[in-house]
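For chain H, the structure is supplied; the task is to place chain F with the ligands on it using the hints.
Chains as they are written, first to last, in my numbering: chain H, 1258 to 1617; chain F, 8 to 226.
It is worth saying that the hints were derived from the structure and are not from the lab.
Take the hints with a grain of salt, since some may be wrong.
Dumping the calculated EDC-like pairs for lysine to aspartate or glutamate here, alpha-carbon to alpha-carbon at most 20 Å [as the list claims (entries may be wrong)]:
| no. | chain 1 | residue 1 | chain 2 | residue 2 |
| --- | --- | --- | --- | --- |
| 1 | H | Lys1278 | H | Asp1338 |
| 2 | H | Lys1370 | H | Glu1299 |
| 3 | H | Lys1405 | H | Asp1436 |
| 4 | F | Lys219 | F | Asp60 |
| 5 | H | Lys1405 | H | Glu1362 |
| 6 | H | Lys1389 | H | Asp1338 |
| 7 | H | Lys1589 | F | Asp43 |
| 8 | H | Lys1518 | F | Asp43 |
| 9 | H | Lys1405 | H | Glu1357 |
| 10 | H | Lys1278 | H | Asp1537 |
| 11 | F | Lys217 | F | Glu121 |
| 12 | F | Lys12 | F | Glu155 |
| 13 | H | Lys1608 | F | Asp118 |
| 14 | H | Lys1608 | F | Asp199 |
| 15 | F | Lys219 | F | Asp199 |
| 16 | H | Lys1382 | H | Asp1436 |
| 17 | H | Lys1612 | F | Asp118 |
| 18 | F | Lys13 | F | Asp199 |
| 19 | H | Lys1518 | H | Glu1503 |
| 20 | H | Lys1588 | F | Glu11 |
| 21 | H | Lys1518 | F | Asp60 |
| 22 | H | Lys1518 | F | Glu51 |
| 23 | H | Lys1382 | H | Asp1397 |
| 24 | H | Lys1370 | H | Asp1338 |
Residues from chain F shown here face chain H by an in silico Cβ test under 8 Å; the list is partial [unchecked claim]:
| no. | residue |
| --- | --- |
| 25 | Pro44 |
| 26 | Asn47 |
| 27 | Ser161 |
| 28 | Leu164 |
Quick list of the computed label-pair ranges, beta carbon to beta carbon [what the hints assert, rightly or not]:
| no. | chain 1 | residue 1 | chain 2 | residue 2 | range |
| --- | --- | --- | --- | --- | --- |
| 29 | H | Val1604 | F | Ala74 | 37 to 45 Å |
| 30 | F | Ile210 | H | Gly1599 | 22 to 30 Å |
| 31 | F | Ile210 | H | Gly1506 | 49 to 57 Å |
| 32 | F | Glu155 | H | Gly1506 | 55 to 63 Å |
| 33 | F | Ala74 | H | Asp1436 | 35 to 43 Å |
| 34 | F | Met8 | H | Lys1608 | 16 to 24 Å |
| 35 | F | Asp60 | H | Gly1506 | 24 to 32 Å |
| 36 | F | Ser119 | H | Glu1503 | 20 to 28 Å |
| 37 | H | Val1545 | F | Val71 | 36 to 44 Å |
| 38 | H | His1361 | F | Ala59 | 35 to 43 Å |
Using N, Cα and C, we set each Cβ at its ideal position, and we do this for glycine too.
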Amino acid sequence: MPITINEFIDDPKCNRRSFLKACTITAAALGLSDAMIPRLVEAAANPQRPPVVWLHFQECTGCTESLVRGSHPDIARLILDIISLDYHETLMAAAGHQAEKQLHETMEKYQGKYLCVVEGGIPTKDNGIYCKIAGRTAMDILAEVSSKSAAVIAIGNCATYGGIQAADPNPTGAVGVWDLVHDVPVINVAGCPPNPISFLGTVLHYLTFKRLPPTDQLGRPLFAYGRKIHDQCERRAHFDEGRFAERFGDTGHLAGYCLYKVGCKGPETYANCPAVRFNDVGVWPVGVGHGCIGCTEPGFWDTMTPFYERLPNVPIPGGGGIVASAESTGKKILAVAGAAVGIHAAVGIGKRIVKGKSEK
Amino acid sequence: MNYEKKYVWSILFRLCHWAFALAIVVLVVTGFYINDPWTNTWLENSRTFPVADMRYYHFLAGFVFTAAVLVRLILYLIGNRQERIFNALPVTPGNVRNFFSTFAYYGYATDSHEERLGHNTLAGLTYLFTYAVAAAQLVSGFYMLYPESVTWQSWGLPLFGTQQQARFIHHLLMWYFLIFAFVHLYLLVWNDVRSPEGMISSIFNGYKFKPKHDGSAKA
Ligand code: HEM
Ligand code: HEM
Ligand code: SF4
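Chain H with its partners taken away, still in its complex shape (with noise of 0.2 Å):
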């Protein structure tokens, strides 16, 4: 009979040299020398450490699926490992009441000790009904499981800044976690989804050090979102000695140059893409040939879209309308300016031949 995926991951031997392969990699992102690595791993297997309650909300779980479903199985059996996960919708085992059970006997015996991870917006329009879980909406519960935890990471762009749902016209008045949530600390994991090494080399900071990470201004945790996508990126000597793709399947993007006209957002973005990559086989977007998306930084569907444009459609404050773009209507005001000119001189000779030169 040919060995499962589980029999594998179960042999202890592979077990523990995959469990250090995944914090080693984790100290590395997380720019920490190798003489943390034990300490690292030591957080990470101490049986004390504090248990992890996942909540849902307006998201498509997209996040945890790339969590969990790395093409090679250390990271994710490392995150499964280590949070081991009292509640989370997606991966346990409990339903209906049960689930609520478990939910609430974490919350009374780990009190001010359990890390809440976020995944998905918030909806606070109308009192918050267009999420419900067991007849409660987002908002509530948020409230509540926040308000006893340790911590609360909100993972991926939904969770952090709103999303998708957010977006222009914002229907539900979708918010991130940390527009709600101030009574605790909140860091922002954000991305669509985040690179699971991020989130990862939080959660282990936070084990390790019994603190969060420090973080830039936007609430995300600078090992991860320090610099921009552009100022590593394996394409920028491309940039600078002017090599672009003009447009997909021109000899330039098949030569691999630089992605800028078709839109890439790396200059706008902050991530680890380039360094970190995804997926166990070092892809991310920029090096397989698409432009990054800017899928870190707030309101991203609404000021990097249309995604092969340079500048964003955004809504004019007041005004109401969209500029179709920056440069159309930037040309529009010359042009009126340039007929008000026009106008303001032939007016000035029109009298002048009328009236005839004035007397000084």
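For chain F with the ligands alone, kept in the frame of chain H given last:
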């Protein structure tokens, strides 16, 4: 009518004007290039760095631009009478009157206008607004130039939003400068045609020609 030569613009003011104007020309050209690089090398090992170079000139001009704005700020406070901020603000009855009469003059409603040494109040206010836009332009610029700086982030985020939004605003504001320059040049020529004070040359040599006051004129 007799005219006399009057010293209006200090040397620092004139240097500041030209640094500002020339920096803007460079910034607009390189800015357009950054938005949509119109060259494409498609040739490896050509040892040219068009995009890096254009960005470099943009940033260099950006620093000149910033210096000019800062110098002008100081002149608003300690410059000569024409250069001070009170000359531009409609805070005195004379300045308020001048503001409205300038509209009448520019609207061909009247041919007479007040002989002022400095800017008329309408122009003064427009320039003040232009420097405010310039301040926004340079803060958004430095925010993009130093993306990893906590200091610039703490200015940039509340003022402009994310890097992408800052870039969009930076781009829109560029059009303000284009339109300003266009109208500015038109009105300068218009004034030069309508009045013999020599407005255009004043920004080169600092002097304007004003009617001699009969009472105060010395024999
Ligand atoms: C009147 C003044 C200025 C004008 C008209 C101007 C114009 C522009 C334009 C059109 C862009 C391209 C944005 C886009 O569409 O993608 C740009 C980018 C940029 N500008 Fe300016 N700019 C001005 C002043 C400054 C200043 C003072 C600085 C600060 C040093 C600055 C720094 C930048 C930076 C860092 C970028 C992004 C370049 C990149 O990431 O490749 N700009 N500017
Ligand atoms: C050939 C080009 C130019 C000439 C001959 C010129 C000439 C002048 C003159 C004569 C003044 C004083 C006007 C008055 O008394 O009201 C002035 C002021 C000014 N000009 Fe220009 N200008 C030129 C280009 C530009 C450009 C391209 C810009 C920027 C876009 C610019 C920005 C300004 C500003 C901001 C002031 C106000 C000065 C202050 O009070 O600080 N100029 N210019
Ligand atoms: S592909 Fe995108 S991130 Fe990479 S250099 Fe070009 S513009 Fe920058």
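Checked hints:
| no. | hint | verdict |
| --- | --- | --- |
| 1 | H/Lys1278 to H/Asp1338 | 14 Å, holds |
| 2 | H/Lys1370 to H/Glu1299 | 18 Å, holds |
| 3 | H/Lys1405 to H/Asp1436 | 18 Å, holds |
| 4 | F/Lys219 to F/Asp60 | 53 Å, violated |
| 5 | H/Lys1405 to H/Glu1362 | 12 Å, holds |
| 6 | H/Lys1389 to H/Asp1338 | 29 Å, violated |
| 7 | H/Lys1589 to F/Asp43 | 19 Å, holds |
| 8 | H/Lys1518 to F/Asp43 | 7 Å, holds |
| 9 | H/Lys1405 to H/Glu1357 | 16 Å, holds |
| 10 | H/Lys1278 to H/Asp1537 | 12 Å, holds |
| 11 | F/Lys217 to F/Glu121 | 11 Å, holds |
| 12 | F/Lys12 to F/Glu155 | 53 Å, violated |
| 13 | H/Lys1608 to F/Asp118 | 11 Å, holds |
| 14 | H/Lys1608 to F/Asp199 | 17 Å, holds |
| 15 | F/Lys219 to F/Asp199 | 19 Å, holds |
| 16 | H/Lys1382 to H/Asp1436 | 14 Å, holds |
| 17 | H/Lys1612 to F/Asp118 | 12 Å, holds |
| 18 | F/Lys13 to F/Asp199 | 16 Å, holds |
| 19 | H/Lys1518 to H/Glu1503 | 6 Å, holds |
| 20 | H/Lys1588 to F/Glu11 | 43 Å, violated |
| 21 | H/Lys1518 to F/Asp60 | 17 Å, holds |
| 22 | H/Lys1518 to F/Glu51 | 18 Å, holds |
| 23 | H/Lys1382 to H/Asp1397 | 13 Å, holds |
| 24 | H/Lys1370 to H/Asp1338 | 18 Å, holds |
| 25 | Pro44 | 6 Å, holds |
| 26 | Asn47 | 5 Å, holds |
| 27 | Ser161 | 6 Å, holds |
| 28 | Leu164 | 5 Å, holds |
| 29 | H/Val1604 to F/Ala74: 37 to 45 Å | 40 Å, holds |
| 30 | F/Ile210 to H/Gly1599: 22 to 30 Å | 25 Å, holds |
| 31 | F/Ile210 to H/Gly1506: 49 to 57 Å | 52 Å, holds |
| 32 | F/Glu155 to H/Gly1506: 55 to 63 Å | 35 Å, violated |
| 33 | F/Ala74 to H/Asp1436: 35 to 43 Å | 40 Å, holds |
| 34 | F/Met8 to H/Lys1608: 16 to 24 Å | 22 Å, holds |
| 35 | F/Asp60 to H/Gly1506: 24 to 32 Å | 29 Å, holds |
| 36 | F/Ser119 to H/Glu1503: 20 to 28 Å | 58 Å, violated |
| 37 | H/Val1545 to F/Val71: 36 to 44 Å | 41 Å, holds |
| 38 | H/His1361 to F/Ala59: 35 to 43 Å | 59 Å, violated |
Taken one by one, the earlier hints fail for this structure at numbers 4, 6, 12, 20, 32, 36 and 38, listed in ascending order.
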